[in-house]
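Asker: Put chain B on the given structure of chain A with help from the hints.
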Amino acid sequence: MDTRPRSFYVLGAFFVLFLLFLYGPTFTIAILSFQGPQGGLTFPMRGTSLHWFHDLFQQQAVGDIWGSFRRSFALGLMVMVTTVVVSVMGGLAFRKRFAGNAVLFYLVITALVIPSILVSLGVGLIFSQAGLPIHWASSGFGSQLTWTLPFGLLIMFAVFNRFDKSFEEAARDQGASNWQALRHVVLPIIAPSLIGVALFGFTLSYDEFARTLLTAGSYNTLPLEIYGMTTNVTTPVIFALGSLTTAFSLGIIGVFLLTVWSMNKKRAKQGSDAGKGMV
Amino acid sequence: MRAGETNRHLSGWLLASPLTLVLILFLVLPIAMIVVVSFWQATEFSIIPAFSWENYDFLFGSPVTYRVFGNTIKYALIVWAFTLGIGFTVAYFLAFHVRTQTWQIALFLLCTIPFWTSNIIRMISWIPFLGRNGLANSALISAGITDEPLDWLLYSDFSVILAFVHLYTLFMVVPIFNTMMRIDKSLIEAAYDGGASGFQTLTNVIIPLCKPGIMIGTIFVVTLVMGDFVTVRFMSGSQSANVGRLIQNDIALLQYPSASATAVVLLITVLMVIGILLRFVDIRKEL
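So the protein lines, in turn, are chains A and B.
Numbering-wise, the numbering used here comes out as the position in the first sequence, counting from 1, plus 473.
Numbering-wise, the numbering used here comes out as the position in the second sequence, counting from 1, plus 1171.
Just so you know, the hints here were simulated from the structure itself, not pulled from any lab data.
With a straight-line Cα cutoff of 30 Å, these simulated BS3-like cross-link-like pairs (lysine-lysine) come out:
no.	chain 1	residue 1	chain 2	residue 2
1	A	K569	A	K638
2	A	K638	B	K1356
3	A	K638	A	K738
4	B	K1356	B	K1456
5	A	K638	A	K739
6	B	K1382	B	K1245
7	A	K638	A	K742
8	B	K1382	B	K1456
9	B	K1456	A	K569
10	B	K1382	A	K638
11	B	K1356	B	K1382
12	B	K1382	A	K569
13	B	K1356	A	K738
14	A	K638	B	K1456
Just so you have them, the derived chain A footprint on chain B, three or more residues with Cβ under 8 Å:
no.	region
15	1187-1201
16	1259-1271
17	1274-1285
18	1303-1310
19	1392-1404
20	1422-1436
The C-beta atom is built at its ideal place from N, Cα and C for all residues, glycine as well.
So here's chain A without its partners, still in its complex pose (with noise of 0.2 Å):
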């Protein structure tokens, strides 16, 4: 092996240093939420403690956590579904060059950039207008699918310029219909990216705060939750509340990586399946 030249161990060591400067401030928390009980919002620690995360199981004295995680959660999963068909739709409709594909391309880029309070401001107007009442799961909804199908569909046109279009031509040759040929070629190649397309989804709405602030309604999700406690909470219990939501997260990025890996894997040891007549 030749050596390393020098510029290699001082980019080397900045990349070190992003990483710290990226993650630290989170283990910094995550040290934190094991105050002792007497301890405070910062260093130093006093004792070591599981009295912050045992308080968040208690009766709330402020808000409903639970309630707004459940919320959360379940807002997430909805999301996460209607990104995932939704994008895939779209993305093979682009493949199409569909006449005014161009204009809804440029309204895509527009929710993608649009800043997110004129989504809230403008979806709560319309609804309080109409006389609709605003909920996470309906003007909520809407409001972050404005955020995470654009990246849904953003992954699309990565894989489908990508796609070797010849499998789906041989599939055609072979006689498939449309729909056999998506359902057995196209959508199978393209499997492991939904999985991207699905973690975008969930983890975009459950982090989101901006677009969710005027659509929620009157029950909260999480990371409203989380902004309403920075506001009147002093103690480290919202450190807590913080490593475990943040936990969560990596817990679900763990699930879908792995998602990915064993599928990749799996498909490895099947080799290919030529000549053992599918459909």
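Answerer: Chain B in isolation, oriented as in the chain A frame:
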């Protein structure tokens, strides 16, 4: 052949119809609503449909507006410069100095994971670092750099920009890394063979080829910073303002028409910036 053409357009629109529906209901109509309401009038308790330029007159007549827009653009520019510098360096290290693909993927994931966790929690996490009795101050005091805790570490422009850079650098890393990975390595070798130094290769070969990634990252960072209202409120302790805060204040006071007028001006500003940036990159090709 004609029939096939019509069929293609029709099935295209059919497949795109759920997407179109969501975007019309939750993007186009809300924007239209904001534009309409921006011409309405408001009392302390209700909003009245009308047509008046009152909100815009007030907006453009107030020196606060110009200061706040100036502040917003200042944040965007500073954060852009930092995220670009850091993001490019990190992506460069990952793409050209990490040799095995497994390591590249692992380190890349490490850089992107925070994107999938809560922004608010990541903001809160800075408090034990930057506060009067925080880690940064204790470290500075014990190192003898200062005698007294620095007050400007938290609730200042410094902490706002720090939090922005912390939150959004990965929006630069990902697209720049993506374009770097697609650079044909033989081009770089050709540059070296032609006698270019490492620095010359960087400025004459790599940076020009990374332009699309830089543009996409720029679009993300600039729009996220310009549209933000949480980070500024939180990290400045409500001492600095940007346009998002201005809108949010009006909303809190139920002054929807005036909030809408500010929102319209913000949207036009953002779209103009994006319009200019999109001239340099074809997003659909670059993915």
